[in-house]
Structures are given as C-alpha cells and as structure tokens.
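> Okay, here's what each chain looks like letter by letter:
There are 2 protein chains.
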Amino acid sequence: MAKKIVIIGAVALGPKVACRLRRLDPQAQITLVDRDDRISYGGCGIPYYVGGDINDLEDLYRTSAHAIRDESFFLDIKGVEVLTKVEAIEIDRHNKKVKIKDLKTNQEDYLHYDKLVMATGAGAIRPPFPGANLPGVFTLSNLQDAEQIKSLMTQGKVGNAVVVGAGAIGLEITEALTDLWGIETTLIEMEDQVLSTLLGKCIARAVATELKSRGVNLLLSERVMEITGKGESVTLEVRTSTEVLSTDIVILAAGVRPNTKLAENAGIAFGRSGGILVDRRMRTNDPDIYAGGDCVELRNLVSGENTLMALGSLANRQGRVIATNIHGGNSHFVGTVGTFCVKVFDFGVCKAGLTYRQAKETGYDPVYSVVAQPDHAHFYPNSEFIYVSLLADRRSRKILGIEACGKHGDSVKSRVDTVAVMLGKGVYVDEICSLETGYAPPFASAMDVINNAGNSLDNILAGSNRPIDAADFLFEFPAGTRRVIDIRGEREAEPFLEKFGSNWLNIPQNELRERYTEIPADEPFYIICDTGARSYETQVFLSSKGIVDTLHVQGGYAMIKVTDPEF
Amino acid sequence: MAKKIVIIGAVALGPKVACRLRRLDPQAQITLVDRDDRISYGGCGIPYYVGGDINDLEDLYRTSAHAIRDESFFLDIKGVEVLTKVEAIEIDRHNKKVKIKDLKTNQEDYLHYDKLVMATGAGAIRPPFPGANLPGVFTLSNLQDAEQIKSLMTQGKVGNAVVVGAGAIGLEITEALTDLWGIETTLIEMEDQVLSTLLGKCIARAVATELKSRGVNLLLSERVMEITGKGESVTLEVRTSTEVLSTDIVILAAGVRPNTKLAENAGIAFGRSGGILVDRRMRTNDPDIYAGGDCVELRNLVSGENTLMALGSLANRQGRVIATNIHGGNSHFVGTVGTFCVKVFDFGVCKAGLTYRQAKETGYDPVYSVVAQPDHAHFYPNSEFIYVSLLADRRSRKILGIEACGKHGDSVKSRVDTVAVMLGKGVYVDEICSLETGYAPPFASAMDVINNAGNSLDNILAGSNRPIDAADFLFEFPAGTRRVIDIRGEREAEPFLEKFGSNWLNIPQNELRERYTEIPADEPFYIICDTGARSYETQVFLSSKGIVDTLHVQGGYAMIKVTDPEF
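Residue numbers (the numbering used here), protein chains in the order written: chain A, 9 to 575; chain B, 9 to 575.
Be careful, since some hints might not be right.
Just so you know, same-sequence chains aren't split out, so a pair can sit in one copy or run between any two.
Heads up, simulated DSS-like pairs for lysine-lysine below, C-alpha to C-alpha not over 25 angstroms straight-line [said to hold, decoys possible]:
(1) K433 to K406
(2) K238 to K433
(3) K553 to K12
(4) K238 to K12
These are calculated hints, taken from the structure and not from any lab test.
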C-alpha cells in the first residue's frame with residue numbers, strides 16, 4: 009500500500025522532502041500543507057526584492073527553468089499535492105492523523121499519515137516595547153511584509169527608516185534601503201557591535217566602518233524604548249535609550265523564533281533554545297515524526313551545544329536527509345559549524361565556528377590571529393584586501409572559528425569555507441599553515457591569506473608573535489602608556505608624526521638594523537607596519553636586541569584603517 | 009656558536025626558508041646562493057607580464073610594501089646574505105661544505121654548512137624535436153625569456169605564434185598572446201585534450217571551447233615534428249604530424265623537470281619521477297640536507313604515489329616547514345592532493361585530487377557526476393554557471409577528485425578548495441551532500457552546486473541516476489542507436505527538432521505525466537533538460553512507468569553547449 013506522508017510547511021525544507029521522496033518512491037502519497045498561499049519561495053531573497061536587485065516578487069518562487077512553483081507546478085511536475093491556505097491545527101499521534109482547517113472555508117478535516125514532517129519554520133520576533141505593532145512597523149518574515157514595504161517605497165512614502173537589530177537580516181535590509189532607494193537609514197543595535205552572535209570585535213568593526221562609510225546612521229549599545237505614531241500616517245517616532253528619531257518606517261530585525269506550538273501541543277520534545285529536538289536522522293522523540301529547518305535545534309559541532317541556525321541552505325540539506333530516511337535509507341545530518349555569509353554593501357562577510365566570546369563561554373582558552381592581505385597575488389591587478397581573524401584553542405591548538413570580510417565576496421567566502429568544512433571533524437593550527445588551496449596569481453598569493461592566518465597563530469602560540477589587535481590598539485593607545493614605532497616609509501608615517509608628536513616614532517624597516525639603538529630598550533612600544541607582517545618581523549628583531557616589551561598591531565595599518573578611518 | 013645554513017636557490021622556497029629561519033634564530037649565519045642575478049621573483053607571474061596585465065618586470069620581485077627584493081633588501085631588512093651569479097657546483101657531504109663558483113669572476117670557493125637546503129627548482133623541458141633550440145623558440149623558465157618575448161612583441165615583430173603544450177603554462181601564455189596582443193596563436197597539444205594531467209574530458213572540453221571561442225587555433229592529438237627557420241629572422245616553420253605552420257615565434261610549454269644534478273652527484277636519493285626524495289620533515293636521505301619546492305617529489309595523498317607538483321604555493325609552505333625543522337622544531341609537510349587553478353581567458357579552472365584516468369590507473373573503480381548550476385542563487389543578478397565534475401570510488405564512496413570551471417573564477421575556486429582541503433584526510437560522498445559552506449543569495453544557492461554534485465553522485469551510486477556525460481553523448485548520439493527526449497519548452501527544443509527530425513522528441517516536463525504514453529517503452533532514449541536536474545527527475549519518473557532504458561545527459565544542455573557550441 010502506498011505510504012502516506014504529510015508535511016506541514018511548504019517553504020524550503022517541506023518541498024525538498026516532498027520532491028526527493030517522490031523521486032525515491034513513485035507510489036507514496038505525499039501531501040504538503042501550508043497556511044499561506046505562496047509557497048516554496050526563496051525567503052532569503054526578500055531583502056534583494058525590497059532593495060530592487062530583484063524586480064519581480066515571482067522570481068523568488070520561480071525555478072531556474074522559469075516555472076512558477078505553485079500548487080499546479082507541484083502536482084503536474086513533481087506529483088505532489090499541496091494544500092495552501094490550510095492550517096494544521098492538531099496532531100493526533102496516537103491515531104497518526106493531523107487535524108487541518110481550510111482557512112478559506114473554515115472547514116476542518118483530517119490527514120492520516122504514516123510519517124509526518126514538521127517544517128513549520130520560524131517567525132520574526134516582535135520585541136516587547138510599546139508600539140511594536142503600529143502600522144508602519146514591519147518585520148520581514150514573509151512575502152506580504154516585503155510587498156508592503158516595497159509598495160510604500162515605490163510610492164515615495166519613505167524618506168527615512170529605522171532598522172532595529174544589526175543581525176544579518178538587519179544589515180541586508182539596511183543595505184537594501186540605503187543603497188538602492190537612497191533612504192536615510194538608522195540601524196539600532198543593543199549590543200556594542202554588529203552581528204554580535206556571529207563575529208568577534210575585529211571583523212565586526214570593519215563591517216561597521218563599511219556601513220558608516222555608506223551613510224548608515226549606526227547606533228550601537230542602544231535600545232528602542234518605544235515607538236509612537238499618528239494612526240493613519242506612516243510617520244513614526246522611535247524613542248531609544250538616548251534619543252528620539254522621526255521616521256517613516258520601522259523594520260524589526262530582532263531575530264526569529266521557531267514555530268513549535270503545534271509540535272509542543274502534541275508532546276514533541278523541544279530543547280533549551282526553543283527548537284524541536286531531533287536525532288541525526290532528523291527524527292523527533294516520536295519515530296514517525298521528523299522535523300527540520302528553522303523549527304529545530306541543531307548540534308553545534310564546535311561547541312557541542314545545541315543551537316538554532318535558521319538558514320535555507322541547512323533546511324534544504326536536511327530535507328534530503330529526511331526524505332532518504334523516510335524511504336528506509338540511513339542518512340545523517342550531524343549538525344552545524346555555523347557557517348554563515350552576508351553581503352553588506354561592497355563587503356562580503358563570512359564566518360564559521362565560534363566567536364571569541366562563545367569560545368570562552370564554552371570553556372576553551374581562545375587565542376586569535378588577525379591578518380590583512382590581498383586576495384590575489386599582490387602583483388596581479390584587481391586585488392582586494394581580505395581581513396581574516398582565525399581563532400584557536402591555546403591548549404589543544406584546535407581551530408575554533410574563522411571570520412573574514414573584504415570587497416571580493418566570493419574570494420572571502422572561499423577562505424572561510426575551506427576552514428568551515430573541516431571544523432566539524434577537527435582541524436588544527438598546523439594544518440591551516442599548509443592548507444592546500446588552489447594557487448595562481450589571479451586567484452591567490454603563493455602564501456595565501458588563510459595560510460598566513462595559520463602561520464600567525466602558530467607564531468603567537470610559540471610566543472614569538474606578541475600581538476595586539478587594531479580595536480584594542482585604538483582603545484589603548486590614547487592612554488599614552490606605550491609609544492608607537494612606525495616602520496613604514498616616511499611618507500606613510502608623516503601624518504601620524506604630526507598628529508601624535510613624540511608618541512609616534514618612525515624608523516623605516518630598512519634602516520632598523522642601523523638605528524635600533526635609538527629605541528630605549530626599557531620602554532614599552534607598539535609596532536606598526538602596513539599589514540602586520542613586517543611589524544611581527546620587527547618585533548622578533550628588536551627582541552633579539554633586548555627591546556622586548558613590544559606589541560605589534562595585527563593586520564597593521566590596513567586593519568586600523570577599516571577599524572577606525574578617522575584615526 | 010651560530011649555526012651555518014646554506015640554501016641553494018633564491019626563488020620561492022629558498023628565500024622563504026631564509027626569512028623564516030632568521031625570525032626563529034637571530035644568530036644563525038644564513039647564506040643564499042643563486043646562479044641568476046634576479047632572485048625571489050614571482051615566476052608564476054611571467055605570463056601576466058608577457059600579456060601586459062603586469063607592466064613592469066620589477067613588480068614580480070617587489071614586495072607588497074614596494075621594496076625590490078635584491079641582495080641589499082635581503083641583507084638590510086632580512087639579515088640574510090645572498091650571493092647572486094654564484095653557482096653551487098659540488099656538495100661535499102662528508103666535510104659538510106659546498107663548492108661554489110662566482111660566474112662573474114670564475115673564482116671558486118667553499119661554503120661550510122651545518123644544514124644545507126636544496127631549492128634548485130625545475131627547468132623547462134625542451135622537447136627533442138629538431139629546431140627546438142632555434143632563435144625565436146623560447147621556453148618560459150625565467151625572467152630573461154619573459155623579457156625577450158615581450159620585447160619582440162612590443163617591437164611589433166610578432167603577428168602569430170605557436171605554443172607547444174596545453175598544460176597550465178601553455179594556456180596562460182596562449183591567453184597572454186591572444187587576449188592582450190591580438191596575436192594569432194596556435195596551441196599544439198599531443199594529447200586529445202587540454203590539461204591532460206589535470207582534468208578529465210568533461211571540464212577539459214569546456215576549457216577547449218573557451219579557447220576556441222577566443223580565436224585560439226587549438227590542435228589536439230597533434231605532434232610537433234620539426235621547427236625550421238631562417239637564421240636571423242624570427243619567422244619559423246613548425247611542421248606537425250598533419251600540417252605546416254608559419255609563425256614568428258614558438259613558445260615551448262612542454263613541462264618542467266626538477267634540477268637535481270647537483271644533488272644526484274652528491275648521492276642524494278631521488279625518486280621515480282626524477283625529483284629528490286624527502287621525508288615529512290622535508291629531509292633528504294642526508295639528515296643535514298633538506299630539499300623542497302619544484303625539485304622534490306611529493307606524496308600524492310589521494311593516489312598514495314609520489315608525484316611532481318611544481319607550484320610556488322607548495323614551495324612557500326614547504327619553506328616554512330623546513331625552517332621550523334632546521335631550528336629544531338617538528339613540522340610536517342605531508343604531501344599534496346594536487347590542488348590547482350588556472351585562469352583561461354574568462355574562465356577560472358580548478359581541480360584537486362585525481363582525474364578519472366589517474367583514478368583508474370591507481371586501481372580505484374571511479375564514477376563521476378557532472379553538474380551545471382549558477383554560482384549564486386538563480387534569482388540573484390550576475391550569477392554565472394559553474395560546471396563541476398566530482399569523482400568518487402564506487403566501492404568505498406570515497407571522493408577522489410573534483411574539477412570545475414566557470415566565469416567567476418573566485419567562485420569556482422571556492423567550490424574546489426572546499427573539497428580539496430578534505431581530500432587528504434578522506435571525505436565521502438555523503439559528506440559532500442551536506443557540506444556546510446556559506447549561504448546567502450549573493451554567494452550561493454541554498455542547495456549549492458557542490459552539494460548537488462554530491463547528491464548526483466549519491467543517486468548514481470544508488471542506481472536511480474543513470475547518466476551519460478555531454479562529451480559521450482555528443483560522440484554517441486550521431487550513431488543513431490538512441491533517440492532524445494527533450495523535456496525543455498517547445499521554444500528551446502525547436503532548433504533541435506528541425507535539425508534531428510524524428511530522432512528528437514520534445515515533451516515538456518509539465519506535460520509528461522499526461523503524455524508519457526507516447527514514448528515507446530521498449531526503446532532506448534537519452535533525456536535532456538537545461539541543466540540535468542530535471543532530466544534525472546524525468547528518468548526516475550519514466551522508470552516508474554516502465555520506460556527504463558534511458559540515459560540522462562549530466563549537466564544538460566548547459567553542459568552540451570560548453571562541450572560543443574556547434575551542436
């Protein structure tokens with residue numbers, strides 16, 4: 009007899025399970041149920057639709073062969089039934105049936121299942137401050153929101169905007185508003201950095217610099233207290249912890265929460281993060297019920313803790329695993345290392361693994377290198393800097409995470425991905441030093457930035473490289489406890505000599521072997537060069553001459569410049 | 009007492025050893041010896057200098073901080089002595105000294121060493137046909153060659169050129185001549201494909217198409233028999249196995265051979281490939297003599313056999329390992345997986361691991377998938393196709409290699425590198441299906457091309473995906489033993505219906521569930537769609553209806569088009 013499969017949720021994971029299962033089992037009776045009438049869309053494309061990179065909303069639910077993914081597409085081409093505007097309201101696990109309600113007619117019915125798949129996704133969080141539900145205050149959780157926002161903009165009703173939350177969605181929508189529509193945008197974040205769950209302070213500062221250079225009014229360590237409005241109008245007032253902003257529109261990008269109520273009511277186990285608990289086969293505590301996508305918790309393979317990781321890519325890969333297993337196969341989804349990327353104006357920003365803070369919390373003894381280097385051979389035209397931060401555990405030398413940003417997004421992603429794919433199995437500093445990625449001058453340096461990030465970490469762990477990062481340098485230098493030795497050329501050093509006087513010494517590296525005696529051996533110094541390679545070399549040299557209390561600035565002036573262009 | 013280190017060869021590996029060692033040991037007495045007077049240059053940049061991407065030859069030996077890497081640079085900044093125009097002519101292992109000869113004065117002398125490093129590199133092979141040494145016939149092994157070639161071109165003396173050998177250097181120099189100088193270039197290769205030691209036929213065909221579309225006269229399976237010339241003139245005649253070509257210049261790119269004579273004469277062991285044998289610490293059979301770079305054999309970590317792999321990137325990474333070990337550390341260079349990339353006009357071409365042919369020779373039972381997919385989300389603007397071929401062992405499901413090409417080079421490299429870095433440790437098909445690379449629409453699809461390459465391979469191994477690649481299809485279809493079912497739209501299929509008549513059936517996929525009865529169940533068919541995803545789905549569907557003798561074309565029409573645009 010044909011197997012009955014019911015899948016609740018028809019975006020990303022749901023359709024993937026259905027289509028893969030159909031290919032594995034031509035007989036199975038597969039039914040997708042969704043509350044919405046728009047299904048199987050690329051939700052991750054919403055900011056690009058709002059921004060105008062994508063003109064037509066339908067592009068988000070069109071296949072690469074130009075077919076619209078609607079009910080008849082799934083029926084005619086995929087052989088899968090989809091019930092839209094139908095809500096699953098109760099799961100009767102004992103009798104293996106789902107009570108559904110047609111939202112158009114309010115009629116209720118039952119769907120029997122042999123296997124049930126929970127693909128209920130996640131919903132945008134509306135923070136609990138007053139005014140979060142006013143007209144003109146949006147989240148970005150579905151296509152309806154996207155359409156409303158874009159419609160306001162095309163009508164010319166939005167001159168300025170406030171985005172709440174500097175996570176990935178917050179940054180994407182900030183770019184969309186600012187870059188293409190020229191809207192004056194304020195981005196409010198309660199943490200002291202952007203992307204606070206994804207990045208450490210070094211790369212986060214570079215991203216913040218990119219945002220500010222594009223005219224975004226970035227307010228960090230700032231809380232929204234209240235939004236007030238005038239009813240019909242789209243003009244709102246946002247009161248934060250320090251100021252009051254008038255704005256035409258507010259977009260809440262304060263994160264998402266798994267939609268698990270239906271599962272909870274049916275006694276499906278969920279975890280500390282609020283996501284449904286699944287095993288490696290993506291089964292819940294009921295072996296006939298699978299779950300995947302944004303509504304489940306995943307094991308973070310670096311920290312060992314369960315986390316939420318709402319990403320269409322993970323959902324799709326899990327969908328394939330679920331279908332294989334429903335068909336009697338044995339496929340595993342072992343977890344995530346938190347690989348992530350986001351485009352922020354001209355910057356590609358990528359990471360995998362843990363941040364410094366997360367590594368500390370997990371109980372590691374983290375240490376990191378920061379490297380700034382052109383992505384292609386420095387003599388090849390069109391190179392752009394990549395800024396990399398590589399994190400390891402001091403005791404075990406195990407790599408815990410990597411973060412990077414730069415103007416060639418694909419190039420940045422390339423470096424992070426090569427470390428990301430190894431994180432789950434365990435990869436160590438020495439392996440990064442010799443990591444065998446492709447080399448040719450149009451694509452990389454002979455000693456690639458990723459190898460150098462490993463080399464730096466190796467030298468730091470050996471004690472020969474004693475670094476300070478650019479953010480810490482910028483914070484500590486004004487205190488005046490250490491002077492700077494700038495080993496760049498005179499031309500590069502001159503503005504800093506003028507600005508900082510005797511606190512800034514300039515001895516070009518090629519004169520150092522003659523002139524090091526000018527440096528008082530008992531005084532503490534920072535050492536600065538262009539990118540951090542020569543300042544490390546100088547640190548080693550000076551140490552051999554008895555000048556030992558030095559910190560060299562990792563990533564050099566290149567890193568200082570993207571951390572604070574005003575310095 | 010200061011350790012004495014002598015390094016023979018001052019390009020890539022040699023300087024890397026010297027500089028790293030200096031940082032580890034401020035006291036060591038480090039001497040670099042080189043026959044040439046130009047040292048520490050980026051030899052891999054030569055084609056880009058010839059082509060004009062790099063204007064100034066000095067850029068190839070300038071640091072990113074604009075210092076010229078000459079003797080005084082090494083002395084003043086690095087604290088390393090370099091003897092240029094000095095040849096090492098004999099190694100006296102017993103007394104641990106090297107006999108050197110000053111090529112300017114012909115004076116001989118000795119350098120004593122505690123540790124010796126052989127960084128003698130490789131030299132271009134001049135094939136043994138008559139005329140290979142004529143004026144106007146060049147190799148590309150050093151800066152002098154590069155200067156001579158460029159000088160002829162800037163003088164307008166080169167209207168057409170013949171390049172012998174379609175390996176990486178051959179392709180790079182072909183691009184350099186054709187693209188920037190508009191020189192009519194013939195590329196002659198004796199194998200039946202380009203990059204024959206690096207690529208299988210599928211990706212090689214796509215690269216050949218790119219070459220031809222740029223006007224390169226590509227002659228495969230063709231041998232040069234003789235070159236004749238007229239003394240002073242640069243006009244030459246190249247007689248091949250099938251024709252006679254008049255040309256102004258011939259560039260031999262027939263590979264390189266390790267420079268090992270000096271080592272051989274000293275009784276240093278070398279391997280079957282002709283390279284010096286080293287252990288994981290890069291020590292030769294003499295524990296006081298290290299070797300690295302283009303003159304050594306490396307373990308191929310996929311095949312288990314030793315191979316030559318002349319790459320500046322490997323040399324630099326090995327250099328660091330050697331310096332660490334000379335300093336008493338314990339650093340390993342375990343081998344190579346043959347990661348490689350090359351730019352060919354608008355195409356980035358990357359590979360790692362074994363080709364199909366090499367896997368067969370190694371004794372594996374290889375099977376491969378071919379996938380064509382946009383590098384970014386298909387709804388995001390500016391996506392370009394990536395063409396990927398993923399190779400695994402049928403029995404063990406172990407990944408043996410990956411090859412890819414496409415117009416966004418960094419994007420292509422990103423996919424290949426993620427598999428490359430795992431090849432040495434062992435990675436299996438199922439891991440590629442769920443490989444966790446970064447996802448956001450500007451960078452990747454939710455189910456990325458690399459995951460889909462794994463998924464396809466998984467389906468092939470499960471027997472549900474029965475493929476033929478585009479090259480085989482193009483070879484076999486004209487025989488008329490199978491007709492085509494084209495499931496694309498009518499508009500796409502029309503030209504083929506006209507061309508191939510009843511051998512080409514068109515049933516658009518969305519009509520297939522109604523119309524499959526039109527297909528004779530006992531007849532063999534090829535199935536074709538745009539990219540190979542839907543043809544696989546159709547194959548599965550037709551099989552469930554009893555139409556079982558089908559082969560679907562992997563990569564679909566996208567792959568056919570880059571394999572033979574004339575089809």
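> A separate judgement is required for each hint: does it hold in the structure or not?
Results for each hint:
no., hint, in the structure
1, K433 to K406, "both (11 angstroms within a copy, 16 angstroms between copies)"
2, K238 to K433, "neither (56 angstroms within a copy, 63 angstroms between copies)"
3, K553 to K12, "between (78 angstroms within a copy, 20 angstroms between copies)"
4, K238 to K12, "neither (52 angstroms within a copy, 82 angstroms between copies)"
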